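Novice: First residue of the sequence shown: -9, per this note's numbering; consecutive thereafter.
As a list, the in silico EDC-like pairs of lysine to aspartate or glutamate whose alpha-carbon atoms are at most 20 Å apart:
1. LYS49 <-> ASP104
2. LYS49 <-> GLU68
3. LYS52 <-> ASP104
4. LYS35 <-> GLU74
5. LYS115 <-> GLU74
6. LYS115 <-> ASP104
7. LYS103 <-> ASP76
8. LYS83 <-> ASP104
9. LYS83 <-> GLU28
10. LYS83 <-> GLU38
Ranges of calculated distance between the beta carbons of each label pair, as one might list FRET restraints:
11. LYS101 <-> ASN31: 21 to 27 Å
12. PRO36 <-> THR60: 30 to 36 Å
13. LYS101 <-> GLU68: 17 to 23 Å
14. SER27 <-> ASN53: 27 to 33 Å
15. SER61 <-> GLU28: 33 to 39 Å
Hints in this document: simulated from the structure, not taken from any laboratory. What you are looking at is a predicted structure, and each value in this text was computed from that prediction instead of being measured. Glycine included, every Cβ here is placed at the ideal spot set by N, Cα and C.
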Amino acid sequence: MKKLILFSAFLFSYFTQAQEVVGTTELQELDLKKYKSEIFNEVEKPAEFSGGINVFRQKLFKNFKFKNITSKTSEKCELTFVIERDGTPTDIKVSGTNESFNNEAIRAVSKIKDKWISAEINGYKVRYRFRLPLNINFE
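Using the sequences plus the hints, can you model the full thing?
Specialist: Right, here's the structure in full:
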């Protein structure tokens, strides 16, 4: 009888300790799917260009063809693009008043083939929206 009680107590404690809280693994999988597809504006560790932002600006300036811009006054625009989890820039967009300046900014960014160091949240690489204001004065 003692053996039966001891065995049933052991079995009961095993099953109570071995249980998993329902849905915890599903929640983690949902978080991972969110990190893979969503584009974040705020992250713990923002994306960085492999040589730093100044190297990115130098490469952007080097690729810029000023003869393709119709206006010769000062121009401003905001360049936005998504840095993917593998470090490639995609979805390049420009908001500004001069169409030729906007097109040239898109062309200059797309010519840069160096990869970025991707942004991270909780140690996971995420897609990140990067914004860069551009101001050029023609003199």
